[in-house]
Amino acid sequence: MRRFFDRLTQARSGRSSHRSSEDDADARDAMADGQRPATDGGVPTGAGTGDGTGSDATPTDEAGALGRGLARLDDRFGEDFVESSPFWLPPFLLMGFFVYGAIAWNVLISLTDYEGFGNADYSQLDFEMYARAFGDPTVVQAAINTFVLLIAFTGICLVLGMLIAILVDRNVRFDNTLRTIYLLPMSLSFVVTAQFWLWMYDYNNGIVNQLLGVVNLGPYNFIGNPRLVLGAVVFALVWQFSGYAMVVYLAALRAIPSEHFEAAKVDGASIPRMYWRVIVPQLKGATISAAVVLMVFALKAFDFLYSLVGGYRPPNGADILATKMVREAYQNTNWAYGSAIAVLLFLMALGVIGPYLAHQYRNDNL
Amino acid sequence: MAQLSLDHLTKVFTDDDGSDIVAVDDVTVNIEDGEFLVLVGPSGCGKSTTLRMVAGLETVTSGDIRLGEESIADQKPQDRDIAMVFQSYALYPHMTVRENMSFGLEESTDMSDDEIHERVEDAADLLGIPELLGRKPGELSGGQRQRVALGRAIVRDPEVFLMDEPLSNLDAKLRSQMRTELQRLQEDLDTTTMYVTHDQTEAMTMGDRIAVLDAGELQQAGTPLECYHRPANRFVAGFIGEPSMNFFDATVEGDRLITDAFDYPLTEEMREAVDGANGVTLGIRPEDIEVAADDSPTGGDEFGTTVDVVEPMGNENAVYLGFDEDPTDTFVATVGGMRRIDAGERVVACFPSDAIHLFDDASGDALHNRSLADAEDAGAEPRV
Amino acid sequence: MSTDTSRTDRTDRLADIDGYRVGLYVAIGLLVAFFLTPIESGFVTSLKTDAAVGNTAPYLPPLFGGFSIANYVTAVEVLARGMGNSLLFAVPATLLSALLGSFAAYGLTLVDWKYQVPILVLFVAGVFIPYQAVLVPLSRLYSIVNVADLLWFVWAYTPVSVQYADLVELTVTHIAYGIPICTVLFRSYYTSMSTEMMEAARLDGASIRRVYRRIVFPLSTPMFAVVLIYQFTQIWNDLLFALVIVSTGSSPAAPVTLKLAGLGASLEGLDFGLRMAGAFVAALPTLLVYIAFGDEFAEGVAS
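Chains A, B and C are the protein sequences, given in the same order.
To convert, note that position 217 of the first sequence is 217 in full-length UniProt numbering; the numbers rise steadily by one, no gaps.
To convert, note that position 352 of the second sequence is 352 in full-length UniProt numbering; the numbers rise steadily by one, no gaps.
To convert, note that position 111 of the third sequence is 111 in full-length UniProt numbering; the numbers rise steadily by one, no gaps.
Calculated from the structure, these hints are not laboratory results.
Among the clues, some could well be false.
What the hints assert, rightly or not - Residues on chain B that point at chain C, a partial pick, calculated with CB under 8 Å:
no. : residue
1   : 7
2   : 77
3   : 78
4   : 83
5   : 92
6   : 96
7   : 111
8   : 364
9   : 367
The C-beta atom is built at its ideal place from N, Cα and C for all residues, glycine as well.
Work out the full structure, taking the sequences as your base and the hints as a guide.
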C-alpha cells in the first residue's frame, strides 16, 4: 500500500528537496484510514452470490435482524435490489396505486349498482352494467364512432406523416424550422385547437366553407350535421397530430444509411420506386410505434369534443366512448355504468397496446 | 502481500429459456505479487467475465478469489482494493480530468482535499499529463483519455490493477507506444496486474506470464515463450504466433506419420511420444520451415511443393505452398524479406525434425514439442 | 447502355430534378399553409371588432378600423386567474413527476437486479392507459381522502380559499399519471449511457445514491430539459382531470383550460373574436415554451 508513495517520494527527492518524514507518516495514516473497508450501516456485505457460497458469511453483529432480512432480499433479487429501491420503489408505488389500483377499483365499481350521491355498495356484485351497456344503442354507436375515429385518424396521420417526412427528408432547406411548424399544433391544448376549428368550420365565415365556395360547394354545417361531424373532427385531429407521425418517420428515415439511397440510385430506380421498394419497408418499426401512440391520442379526444360544445354532450354523431363515459358518470351520476363503459374503453386500448408491448418485450426493446 | 489467486473459478449464466451457459469453467491461476498476467483468448472465451468476477462486477457461481490470504469473492466491488481500466475508458464526461481522478478517492477514502489534490498531481506527473488536469474528457485525444483512465486507477494505489482491453480503442501506432509505456509503468509501480486482451502481440510483449483461455477453460498459463515454444495443446499452438502454426492431420504407421500429402519419418523420441495415440496432428511454425529454391527433394523431411501466393511484409515474406497431391490445400512458410520468390515456382520445403510439434487428435494435448537445443546453442536461451 | 443515351439521360434527369425541386417546395409550402392557417385565421380574428369578424374574410388581418384589442382585454380579465391557478399546480407537478421519473428510470435501468423487466412493463403500460378507466375511482378517492379537511389549517390561517384543495389533488394526480411517461423518456436516455462508466463509479467506491447524485443526475440535464418541457405542456393543456376534480369553471381555483372551455358557452351566441383571443391567451405559456425550446419538445415527442 505504501509502494506508490515511496516511489513517488523517491522520484521527487531526485528533483527537489527531501520531503519531511513527518509528512510521509501523516499521509500514510490518512491512507490507512481511508483504506478501511467502507461497510455501510445497515446492509452487511457478503450477499453477492446466489448459489450459497456466500451465504456462509455471517452478517456483522450490529447489522441486526433487519440487515439480515435485507441481505436475504438481496440474495433473492440481485445484489443492488435493496440499495436501489429508494429510487424506483416510491414512484412505482405512487404510479401503481393511481394507475393499477385505480383500474382494479374501477372494475369493482363497474360490478356494483353505484349511482347518485353517497357511497358505493360493494356487497352485491354482478355484470348488470355490462349487460345494460351492450343493450344501449347509444353505447354501441359510441363504440362504433370510437372505432371509426381510431382507424381513420391513425391511418390518415400515418400516410400524411410519412409523405411529409419523405418530402422534408429530400434535402430541403430549413428542415428544422419546418419540423417546428408541423409540430406546433401538437403543443397546443385540445381546448385551444377546438376553438380554432370551430372557427374554421363556421357556417358563415369559416375558411373551410369559403374555400369550398370557390369550387361551388357548400356551405356545410360541419359541426351541426351528424353525418359530417365525425369526419370534421378526424380532419381537425389529423391537423393536430400528423406532425407527430412526421417527426417519428423523419427520425427513422434519417437512421437509414445513405448507402441505401445511393445503391437504389445506382441500380437506376426512379425516386418513387426507390421509396416504395427500398425505404418504406424499413419504416415498419416506426409505423408500429407511431400508430400505437396515435391511437392513444385518439382515445384522449375527449378534451377536444368537450371543448367544441363546452359541455358533456358532444355534437350529434360525434359521441365516442370517452365522452359517453364521462357524461354518464359526471353528468348523470351513473357511476357504476360509467365505470363499465370505461372498462370497455380500457379493453379496447388493451387490444392495441397489449400486442405492441408483447412485441417490444420479445425484441428486448422496452 | 497481494498475491491474487483464482481457485476453481466458475461462472454459469442462466439464459432466458432456463438453459445454462458456462462462461468460465473451473479456472485456477495464481498471480504473484507484482506480476503482470495477461489473460488472452478469442472473443467469447470468458476472459472478460473472469476479470469482471475479480472486479466484483459479476457474481461468482463457484470457486474462490483470494487476495493475499483473504477471500474477496463475496465482497462488494468497492471493498476489494482493486482498480480497473475499462476498454472505453469510462471517464465521467461532465468532470474535468482532475475531478475524474479525484472521484475514487473522494468516494472510497476519507482523505482530506489537500491529500487528494497532492496524489492527483503526483499521478498526473507520473503519466505526463499535468497540463490536462483542467480539461474535460471530450477535449482529449484517445491517447490522452487512455492516460487519464490509467491515472484514475493509479491514484487509488490499489493492490491489483485490472485492465480490460485498454488499448483496443487506439490506433496501431499509439497502441504500440502505450504498450511500452504501460509496461514501464507497471514495472515502476510494481502492482499486481491482470490484463485482458484478444491481441496476442500484447500478450506476448507485455505479460510476465500469459494465461490462454478458450471456451471458458484455461488452456495454459506460462511465460510467453513457454506458450510459444511449449504449447500445452493444439489450441495454444494455433492461437499464439502469427502467421499461425501449420497443422497436418496424420496417422501413425510404425515409425512414419502418414498424411494426405506426405509421409514423415519419426525420430525415436517422437515415436515414444506418440505411442498409443492413433490419430495425431503434426504442427510446425512457418518460420521453422526451410524453403530451398530447387526441385530435387531428397526425401525424408524434404518435400517438393509449388508456390501458390507470396505475401511480402517487408522484413519477411509469407509464402503459401501447395503439395503436388492437392495444390489448393496450402500451408505457410516465412522466408527473409530480401529473398526473391515468385508464385508458380517449384521449391523444396524442409520440416526439420527438431521443429516438429505433435498433438493427440482425441484430446488436443501436446505429445511432443520442438527441441530447443538450437536456441540454447545460439546463446539466446529462452526463458522456459 | 451506350455513352450517348446515358448523357441524354443525365440531362433529362437534370431537367427533371429542377422541375422536381420546384414541385417539392410548392408541396412543402402548401403543407406549411395547411398547418398554419387555423392558427393564422384565429390570430387575425382575435384582433377584430365584432363587426369586422362578420364582414372581413377570416384569413385577412383587420382592415378599415376593424382592429381592436378589446377581445384580449376581456380574455385576460376572464382567464388571468385561471392561468395563475394552472401555474400553481403545473409547475410543482412538472418538477416532481420529472424527478420521480428520473429516479425510477435510474433504479430500473442503470442498476441491475432480477425481475426489473416486469416492473418496467407496468411503467411502460401506464403510459397508454385511457384516463377514463381511472376517473370514477379517482373521484371516490378524493371524496374519501378529503384534502380540504386534511389541510384545514391552510384555509383557516391563510387567505387561500378552501377550493384550492382541488389544486393539491390535481398536483398529486398529475404527478402520479406523469411518472410513466417521464420514466420511459429518461429510460431511453439512460440505456444509451455507458454501463462501463457506471461500473467504474461503483468500483471507485460510490454507492448507488452517490452515483446518481454525482454522475447520473448531472449528465441528465439535457433530458431534464426535454421532459420538463413535454410534461409542462401536457399538464398545462389537460382538461379531463381539471374537469373531474375541480368540476366547474366558476370555482375560484379553476385552471385555465376549464375557464376557456366554458368561455364560448357562457356567452350569448358565438363570439369568435373573444374565443380566439382566449385561445391565444390560454396557449401563451405553451407557445412561448414551444418557440423557445421547440427542438427539445420534438425530441420528447419522438422518443
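So, going through the hints one by one against the coordinates:
With a cut of 8 Å, the hint placing residue 7 (chain B) at the interface with chain C is violated, because the nearest CB-to-CB distance is about 22 Å. At about 5 Å, the closest approach between the beta carbon of residue 77 (chain B) and any beta carbon in chain C falls short of 8 Å, and the interface hint on this residue holds. Satisfaction of the interface hint for residue 78 (chain B) is found here, the shortest Cβ-Cβ separation to chain C being roughly 4 Å, below the 8 Å cut-off. The beta carbon of residue 83 (chain B) is positioned within 8 Å of a beta carbon in chain C (closest approach about 7 Å), and the interface hint is therefore held.
The criterion of a C-beta within 8 Å of any C-beta in chain C is met by residue 92 (chain B), whose closest approach is roughly 6 Å, and the hint holds. For residue 96 (chain B), the interface hint is violated, the least distance from its beta-carbon to any beta-carbon of chain C being 13 Å, above 8 Å. With a least beta-carbon distance of about 12 Å to chain C, the hint placing residue 111 (chain B) at the interface is violated under the 8 Å criterion. With its C-beta approaching chain C no nearer than about 35 Å, residue 364 (chain B) sits outside the 8 Å limit, and its interface hint is violated.
Below 8 Å, beta-carbon pairs count as interface contacts, and residue 367 (chain B) has none with chain C, the closest being about 43 Å; its hint is therefore violated.
In summary, the numbered hints that this structure violates are 1, 6, 7, 8 and 9.
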